[in-house]
Amino acid sequence: MENYLVAMAVFAGLYGLMALGLNVIWGMTGMINLGLVGFMAVGAYTSALLTVRHATWPIWAGVLAATLVSGLAGAFVARITARLKGDYLAIVTLGFSEVVRIIASNEIRFTNGTDGISAIPGPFRGHVAPATFNLLYLGLVALALLVVFLLCQRLRHSPYGRVLRAIRDDDQVTAVAGKPVMRFKTEAFAIGAAITGFAGALYGHYNAYIAPEGFVPLITIYIVLALTAGGTGSNVGAVVGAALVVAFMEGTRFVVAEIPGLAAVQVAAVREFMIAALLILVLRYRPKGLFPEHHPRHPIPDTTP
Amino acid sequence: MAPALPLRHATVPPLMPLLEVHDLSRAYYGVRAIDGLDLDVASGTITGLIGPNGAGKTTAFNVISGLVPPDRGTVRFDGTDITGWRPDAITRAGLVRTFQIARGFPRLSVLENLMLYGAHQPGESLPVALFGAWGKREEELRERAIATARRLNLLRVANNPASDLSGGQKKLLEIGRALMTDPRMIMLDEPIAGVNPTLSAQIGEHLLSLRDEGITFLIIEHHMDAIARLCDPVIVMAEGRKLTEGAFTAIAADHSVQEAYMGRRAGHLAQPSA
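Going line by line, the protein sequences match chains A and B.
By the working numbering, the letter at position 172 of the first sequence is numbered 172, and the numbering carries on one by one without gaps.
Residues are numbered in the working numbering as their position in the second sequence, beginning at 1, plus a constant of 1000.
If we strip away everything but chain A, and leave its shape as in the complex, we get:
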């Protein structure tokens, strides 16, 4: 049970990282990205291919390469979708993630296809007891989450973040304000994709095994759900929302088990029903999420006469 809790905490951290990535792209800049899991896959595969399948790079180098490659993939997708907005951007990014998954399934010589890649190394795995490894990894993920969170906070409160939030409201007026909008959009997309790819690489090294079916669009939906429930645009909301979604997805497992007379298929359906109900409740009573974003207040001179 302890191991299970630790594993769930690791997943909550990874979801939190991805929600922070989505928050840069969607929450701050307003670009819809339904292809998040594609960048997670790019990160996971890059690191796995470099540390076990095609080379034996050290883990840190694999994770670093994964972050860079997914960032580049993000910049690429941002450039080819430069003129798209809203629904159209949603469809193209969704298509991107499916293309990544299908390439991973079919380029068998390169990725080992649907059999996936196993024996991905983890730091100190095999040198310490599995429980210790889990705890160690939880510490690593927590540290990574903290660093990324602080960087995202710094970004959000900087003049850079102000331009991103301006683009979210109206990109044409932002251009008239003198800002090179395309550069900002590309960079924001790349940052978000890099964070997501980083989380994907950490996932691979934790799980020791990745396969294309682990990168289905449902994961993107969970991240969107986490960010929406937490508070779109808010970094605190992203992290808390991710933790809540993981806790709730896992918690419903135990709740549903207590309901008598359900078949296995029904159990799964009731869990999904409960997760959906949670989101509806949150958005009904907290439409801006649990931790709605606030615009920074600046000190102004006293105006009372």
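Just so you know, the hints here were simulated from the structure itself, not pulled from any lab data.
Mixed in with the good hints there might be a few duds.
Stated by the list, open to error - Example chain B residues on the side facing chain A (calculated, C-beta under 7 Å, incomplete):
1) Leu1067
2) Pro1087
3) Asp1088
4) Glu1124
Just so it is clear, the structure is predicted and the values come from calculations on it, not from any experiment.
Note that CB positions come from ideal geometry on N, CA and C, so glycine has one too.
Guided by the hints, dock chain B onto chain A, whose structure is given.
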């Protein structure tokens, strides 16, 4: 082509205009929104741009400010050909525009709206934003924004989101944002439309004092009292090109202008009695 150039230059008035638009054209799906538009704005003027709905005034603004590329023609600002430049580059060159239906950043505070328009903030580069120092410039921009807000009577609402402002305050914020770019010329799209008379008089006063400080204006407005009070000269557009130009009184008396506003049929009907 070469021999034609000296001829055209010979007709240019001795004082070079700040904004020169020549033969500017832009069609949307075959409809010629502007079609061979020529107009000059002299430095230090508040030039009015009027004309019936659909005359192409807003399209002219969109093309001049770089939001929409032209099909043909040139735009020169302060002697530099800025045709086809990106909007952000045109703004940085000193020519900024505002929008008709107070568009902008509803989820940014009034102060953030103003500070956003400030140039040369190093914290708008990613590495500097994350690891560098941008606080000093931010402080300068904040002081500037506070001064601008105070001038436009927006200081009391400076930390409110822009979406909370009244219609008139939004118009003032549009002007304030434009001012934050340190412009040489501002193009205002209906700065007074829909504002109560008191505030509209105030906006007029602001524009006159800014003109006296050296900023040139090109203003689209339907409110003729305001045009008469503020603008000289006034340019009349109809059917995508310049119809005429002159002082407001001359324009108001011009038969072709009345015809353009009332429609051709009315013009023909009016003719026999004239």
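Hint check results:
1. Leu1067: holds (6 Å)
2. Pro1087: At 4 Å from the nearest chain A Cβ, Pro1087 (chain B) passes the 7 Å test, so the hint holds.
3. Asp1088: For Asp1088 (chain B), the interface hint holds, since the closest Cβ of chain A sits about 5 Å away, which is under 7 Å.
4. Glu1124: holds (5 Å)
In summary, the structure agrees with every hint in the numbered list given earlier.
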